[in-house]
Structures are given as C-alpha cells and as structure tokens.
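Which chain is which? The protein sequence lines are Z and V, in order. Just so we're aligned, residue 1 is where the first sequence starts under this note's numbering, counting upward by one. Just so we're aligned, residue 1001 is where the second sequence starts under this note's numbering, counting upward by one.
Certain hints may be false.
What the hints assert, rightly or not - In silico lysine-lysine, DSS-like type, Cα no more than 27 Å apart, as pairs:
id	chain 1	residue 1	chain 2	residue 2
1	Z	K44	Z	K165
2	Z	K272	V	K1050
3	V	K1071	Z	K44
4	V	K1058	Z	K202
5	V	K1058	Z	K44
6	Z	K44	V	K1057
7	Z	K316	V	K1050
8	V	K1002	Z	K202
To be clear, the hints were calculated from the coordinates, so they are not data collected in a lab.
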Amino acid sequence: MNLGKKEDTVPINAGDTAWVLISSALVLLMTPALAFFYGGLVRKKNILSILMQCFMMIGLITIQWVFFGYSLAFGPDAGGVIGNFAWSFLKGVGASPNADYAATIPHLLFMAFQLMFAVITPALILGAFAERMKFASFCVFSLLWATLVYDPVAHWVWGVGGFLKNAGALDFAGGTVVHVNAGIAALVCALVLGKRQGFPAKISPPHNLPLAVLGAGLLWFGWFGFNAGSALAANEIAVNAFVVTHVAAAAGGLAWALLDWKFSSHPTMLGKITGAVAGLVAITPASGFVDPIGAVWIGVSVSVVCFFAVSFVKVKFGYDDSLDAFGVHGIGGIWGALMTGLFAQKSVNPAGADGLFYGNPALFLIQIKAVLVTIVYSLVVTFVILKAVQFVMGLKVSPEEERIGLDLTQHREAGYTVLD
Amino acid sequence: MKYIIAIIQPDRIDHVLEALTAREIHLVTVSTVLGRGRQKGISAVYRSHKEAGSLLKKAKLEIAVNEEFVKPTIDAILEAARTGNIGDGKIFVLDMAECIRIRTGETHGVAIG
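Make a model of the complete structure from these sequences and hints.
Written out as structure tokens, the structure reads:
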C-alpha cells in the first residue's frame, strides 16, 4: 500500500499499521486505568488529585514529546546517551516508515505508540507521593523528570546508538525504561517528601476498592497493547507477547492470593489485583523473549518478591510509598529484567538472545548491568530534580492542606457530595 | 410522648420494621451510623497491613410514639433485633416535649400518628 503523499513514501504493511494503531490506543487507556487503580486506594478527599495528576500527564507529556521529547529519546544519537534535537516538533517524522525502528508502519505511528509509554511512566511515580504533593510542583517535577530521566534512559535502551541497546540488553516493552526507572524514582520521592500525617497507623483504608479493581482490569486490558504492540507488527512475536502477558498476570494474581491466604489468613481482592499488576510489570521486558511456561515462573516469583517487599520491607524501613509504586513497579521491574536474563530463548524470538537457563550466562550479566545503570541514574537525577523543585517552590502541601485533602485545596473540587 | 432511639445490627432492620408494622407503628427514621461498644470488630487487611477496625457499622432507628405505643415499640425491637450475641445494640427512651406536623401545623399526640 502506498499513501502517495510524497514521492519518497515507502510502502507500509496494513495489518501491522492497524495493530500498532490499536495498541497505541490500548496503551493510552492504561493511564486513566492507572488513575482509577491508584484513585480507589487513596482517601475520599484525594481521589480527584490522583485522577487529575494522571490526566495532566497525558496533556503535559504529549506536548513535551511532540516538541522535543521524542527527538531526545529516539532522534539521531549523540554519544550513545541521548538523541539530538533534529526531530524536534516532529520534523521529518511522517508517513514513511523509519526502518531503524519499525520498517512496516509509518514513522509517525511509531512516535505515537512511544508517546503513550512516555505518558504513563511519570504517572506511575505519583503512587509514591500520593495525598501530599503540591500540584504545581508535581507538574514541574514530572516535566523535568520526563525530559532528564525518561528520555535519556529510553534512548540508552531503545534508541539507535543507545549504549545499553548496543551492549545487548533485552527490554522488550519497557521493564527497565518504564518500571525500574519509575519505581526507583518513586522510592526517592517517598523518601524526600516524607510521610503523610499519621502514617502508618492512622491512615484510613482504601476508600473505594471496586474502583481500584476496575482500574486494574483496564490496566490488564491495556497491557496487551503495551507488550504485544511492542512487536510493532501483527506477527508471531506479538502473539507470543500477548499470551505470555496474560499468563504472567494470571499467575501473579493467583500467587498473591495464596500468599495472602497463608500470611494474612484470607485471600484479598486488593492482593489479587496487586499480584496481577506485579505479573504484568515483570513480564514486560520478557514478553518478546520467553515462552508461556517461563511466564508462569515469572508471574509466580514476582508476586512472592513484591509481596515481601510491601508486607515486610516497607514496614521495616518505614518509608511511606503510599500506593506501593516502588514495591510493585520498582521491585517487580527489577525482577522482570533479571528474569528475562534467565528465561529468554532464541527459539521464541531469533532477534533476542538465550538466557542463563538456555546456556547463555552472559545475557544475565548484561541484564544486571542494565538494571544497575538505570537504578543509579534514576536515583541520582530524580533526587537532584526533587531538591531543585523543593528549593524553588516546595514539594509538599501544608499540614493543614494535607488534612483537608488535595481535592479541595489543590483543585477546589470534591469527588463526592453528601447530598444528591 | 416518647422519642425512642435504637442502635441495632444493620442486618436486623427488615425484621424490626416488620415487627413494628405488625404493631401498627409506622413512623420510623433509619440511618446507617458508625459506633463502638465493648465488642471488637472484624479488622480488614490491606496489602498485609491490618486495620484496627475500631468503629462498626450499625443502624440507628428513631421512632416518636404516644405513651400507649412505648411498650409495643420496645417489644418489637427486642423481639426482632435480638440475636443473643454481643453487639445486638441498645434502646434509649427519651421524653419528648412536642411534635408538630409540618403539612397541617397539628401539634402533640395527634401529629405523631
């Protein structure tokens, strides 16, 4: 097929283009889904602040991406660490495919698909500072974080010339770029902002768990676009990613329910969805490289690891990662990246590599390196950005505003009315 | 005239309303409230973190009656709300100074029925 817009237009594949279009829409849906997943877990007085922050990311990061973010992440390489500004304002990003990234779909579509990832990644972090961050500071922090942390790390792992890509690190759909990166930033945020008043004993329980379950269900649905869409084609790799994504989520949810049953005496709904999300997080980097049985192991093991992280480690160290953004996305993302180094198979994807369990210990070491580099970079730069924003405009709302709630104090709205 | 307040288990509301209707007592206001007594609640667990669960859900009934209906009202509540377990609730009986029907302006006993 030829769009016929320009003489130099290269043919695209209609099936691939249709699938990546749908996948882009699915990944966009994950940000509102995350809003409800997180929103159901906070107190009534803060529900709108969560929804607003998530929707703000859709607006703010979309514009950042179109203006210069895409160019920084995927544009022509500068020293293996960042793209240059050549593709700013989407200059030259049009109907023709870019063979370096996706040879059968328009370059503009590849940009749009990646845009949805850039939107959700900073949104993941807000689970750590929920219920206490100033809205204006949140906006500035997120914009800086997207530019100084997300864009470079995306370039290292996925960009042509990126040094981790050149080292052979495998990250199919964003285990390190999205989850480790956001998860570590979340931990830094929780530590720098400090606890909510009354944490941990006097924080009310989740105000609307059904809302959180709805959000988790929509996240699961959207994740098919996130992972299977990352094949950037309607092919065997996409089908494999689709299946292992579902299997890992199912296994993760099942494992967490069983752990709850054993350690908290009853299986809980919140545990079930937390386990499913942990499974989705962990399979993300692996989804293009492992088979369904590998996915079972990844789903079960990540639930065990994350369960202990949020149940015991968080209690022991006492940091207030309000909605377990670090506990699930950070820990789960690290685990998934490492598991990719164990379970990856060339028989699943010839473009990938064999993992430790298939005779190639080198991949496991490369995965460790990619994780460590991401952790250190995200940790340091997130900390510097937070301190700078804190110095200029402060990070936390006043104790009184925190007591009244962010919905009223930051947005002059209430999520729920008492009468009518 | 008495004003009767009963705090009962929420799942007994239907039984109590039936028992009151059987005694021709129709005027009732019901609200769901939180409260605590000597018993402990069932504590909820969220991602392995146990909530204290110090306040329990209860139903609060408010019933205004003329003197001859005081005993039937109390009997109806005792009969229908009692399970024999801790947490069945309490009945409070207060003297009522006046009652006025807003639609007609009628006062006292005739305004109650």
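Evaluation of the provided hints:
1. Restraint check: the Cα-Cα separation between K44/Z and K165/Z comes to about 44 Å, which exceeds 27 Å; the hinted pair is violated.
2. Restraint check: the Cα-Cα separation between K272/Z and K1050/V comes to about 17 Å, which is no more than 27 Å; the hinted pair holds.
3. Between the alpha carbons of K1071/V and K44/Z the distance comes to roughly 43 Å, so the proposed pair goes past 27 Å and is violated.
4. Taken as a hint, the K1058/V and K202/Z pair is honoured in the structure, with Cα atoms around 22 Å apart against an allowance of 27 Å.
5. Proximity of K1058/V to K44/Z is assessed by CA-CA distance (about 21 Å); at most 27 Å being required, the pair is judged to hold.
6. Note on K44/Z and K1057/V: the hinted pairing holds, with a Cα-Cα distance of about 18 Å set against a maximum of 27 Å.
7. Between K316/Z and K1050/V the alpha-carbon distance is near 15 Å, which keeps this suggested pair within the 27 Å criterion.
8. For the suggested pair K1002/V and K202/Z, the alpha carbons sit about 40 Å apart, so the restraint of at most 27 Å is broken.
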